[in-house]
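What follows is the residue order along each chain.
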Amino acid sequence: MPSFPEAAKSATGDSQLRHNLRKATHTIRAKRDGAVGELDDWSQLRAAGAAIKDRTLRHLDTYLERLEDAVTAAGGRVHWAADAAEANDIVTGLVRATGESDVVKVKSMATQEIELNEALAQAGITAYETDLAELIVQLSDDLPSHILVPAIHRNRAEIREIFRDQMAAWGVPAPERLSDDPRALAEAARVHLRERFMRTKVAVSGANFAVADSGTMVVLESEGNGRMCLTLPQTLISVVGIEKIVPSWSDLEVFLQLLPRSSTGERMNPYTSTWTGVTPGDGPQEFHLVLLDNGRSDVLADTVGRQALRCIRCSACLNICPVYERTGGHAYGSVYPGPIGAILTPQLQGTASEPEASLPYASSLCGACYEVCPVAIDIPEVLVHLREEVAGGSGHTAEKAAMGAAGWVFGGERRLGAAQRAASAARSLVPRRMPGPASAWTDTRDIPDIPEESFRSWWRREGAAEEAPEPGRAPGDGDEQEGGRR
Amino acid sequence: MSGSRERILGRVRAALADVPPGEAPEDVLVPRDYSSAHDRGETIALLVDRLEDYKALVHRTPAGESAEVVARALAGRGVRRVAAPDDAPEDWFAECDTDVARAGGLDPAGLDGVDGVVTGCAAAIAETGTIVLDAGFAQGRRALTLIPDYHLCVVRADQIVTGVPQALPRLDPGRPLTWISGPSATSDIELDRVEGVHGPRTLEVVIVE
Ligand code: SF4
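Line by line, the protein sequences are chains Z and C.
Each residue of the first sequence is one higher than the one before, counting from 1 in my numbering.
Each residue of the second sequence is one higher than the one before, counting from 1001 in my numbering.
Bound-form chain C, shown alone:
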């Protein structure tokens, strides 16, 4: 209703009668003297520490051995059928004998039927233990990492940044983003933390160096 649009904007303008007419938004100064990153030592070690704090399972591996680590992780979880984005690299799965379903063809019910999902990511933030997915390369659409109960995420060392302020410039707000910091959790019942309500109950991370 355009009537309300004009009414609300009119009310807002009237409410701001104390703001001098010549003042531009940028004239309201924002002090930016907060740190862009907090120095906490080695970035990858920090990410591992933070992820483990969220009860995520973490592996560090040299590039050549990542397929083996993925295979071991899936076998360790007893995953028989795993979903992966259509563009996820073949060599991630080179060593495993798990059935890999390319996710392009799976609807939500189909995703509900797999044991887990393997994706890459867009960035990872060490200080907060956060993995950011932007639906780009090797990540698939958002539902993919949401419905299955287990998520294995492959993070390349060059995707890791120290803090939140370093992550935002790398990310395109035009893409749908999901920031994941540990598995799904709730503390709604007497503040007892329970892992997993709707999202994956287990988050496993392979950091490829």
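Same shape as in the complex, but just chain Z:
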């Protein structure tokens, strides 16, 4: 796995990728602004969301036990997985016990994180992704690049080719004369997957929320593939990170307002499913909840980094991030890309090796991610905290990572300088000199002055100015290596 600067270099040189990303992030951003702007109590909802998650995290042991009791009482079975290997063993065992060799899956980042599909394949079980974007990614043997729109790096012509070439090997083939019209492509996916839904008896899902008091699982989606997976099979296995808990049913009134508006910029996503254990005569008659730790308790132990576990995976921070916009999700080398990936991945996996160690530097510390985060995760604060940790571990890695990430991404001193000068008010949280071991790093550099304008206003202006193409010159070209030096 290349470190962030290396991966970012090749990504920023890919003009198709950059075009797709820019269109996506700008479109979703504008929609999100509209949907959020509609609610005059947004900042109160955000504060409530952050506090509910903090309450849960500070008393996670209590809530985990409460959730287990409630799920069990409702006819579900709870399994505990300390790490990825154990989670994969549990799920494999559960599928084997059904005697089936196929499972349908609704998009789940937790199962990506543990590489469940690969583990199932080793056991002779085929996992079929059913979210349209995940299907595209799976058929093309690719990796997702965005939390919300995993195949955003693909355009319609590529998707048509993927469907034409690959669908037959996985099930119902694509129609003879498939056009690249999104409607035709969606229809091809509908036909391809419907047959699969009708006959597959085991499903695997994640969950957006798990309600401790009632034992209820909550999944938000748009296409209906979630509903198919959650209701048609006989057996449902949900792999859920231990941080996904909310205390009570009524707390959903906060998150069902925060999540759709932050994520897709909709007042509400087309479908939300909730279920509690099993319901006789309706839906799966066997329900398993696999509670996944896999590094989360380590994140919990870090009193600064703990807030990353509030994340509800809305992807708003990706869409606002100038670094993500240039590099795309693959450069982060992790299931969780963008600003949240830059703080979550190194915490889940440790910063001993280079890809993870470079991630806290994959940012300009502009603070835009903090401004949009619906649960007010102070990503810049955690980034600085993690840089300290990396710098404490190995100065060389930190230096290389810092210079590389800033340089490749901003492709020139001018742009980086502007980005730093324009940092938002949240930026003032970043100390002038970092304490402890990181001081060696900050001592030789000025941390830029407190900004005169907000990042948002700068980015709108500069971002728009950049829409004009620079002929023959990708942002990765030229003097970028100097970018981080001042």
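Treat the hints as calculated values from the structure; they're not laboratory data.
Built from N, CA and C at the ideal position, the CB exists for glycine as well.
It is possible that part of the hints are untrue.
[To be verified] Covered by chain Z, per the in silico footprint, the following chain C stretches (three or more residues, Cβ under 8 Å):
(1) 1107-1115
(2) 1128-1134
(3) 1140-1147
(4) 1185-1199
Start from chain Z and add chain C with the ligand according to the hints.
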């Protein structure tokens, strides 16, 4: 594996060493000063506006004329065979000459064979244009509103609330719930919104006042 249960809970407790031992979950205060509903004028009009924003088809009708509206909607769609929950009121279908299949006897393949489905709902949320089904009266099990390509939903005015915070107390988390906000949709291909991938491509709503 109970070993892992104890291990994870142990790790979690160790990780929370900074939390004072006497602190109860409720001691972590949650500010609840957000609005319970946003004032946006007349509730039914708001629901109609939001539903239409999702490209759902909407009708408002006085109670006495709902059968006629249902009949016209089904005829307009060319629906010849429609599924309905076993307990859906007979008088919904009093005016239509569509073949009504009671859904109790239909398996998924059977549901795949009908042109549409007619159900009631448990609640509707005006501010977000959301219809909530809880598998209760006149709604049937979850698969019913999922497999057919067309869903006609009958909403009573007294089932409509303003915002999400008013809906949750009306709903029982013990029941399986489906919240529907417009027809199935995807934006996965170059962010072009396409209606309908797996769920019904058309959502039609009859609001009975
Ligand atoms: S960190 Fe915040 S903005 Fe980013 S995905 Fe998580 S909840 Fe959304």
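**Prompt:** Looking at the structure, which of the earlier hints fail to hold?
**Reply:** none
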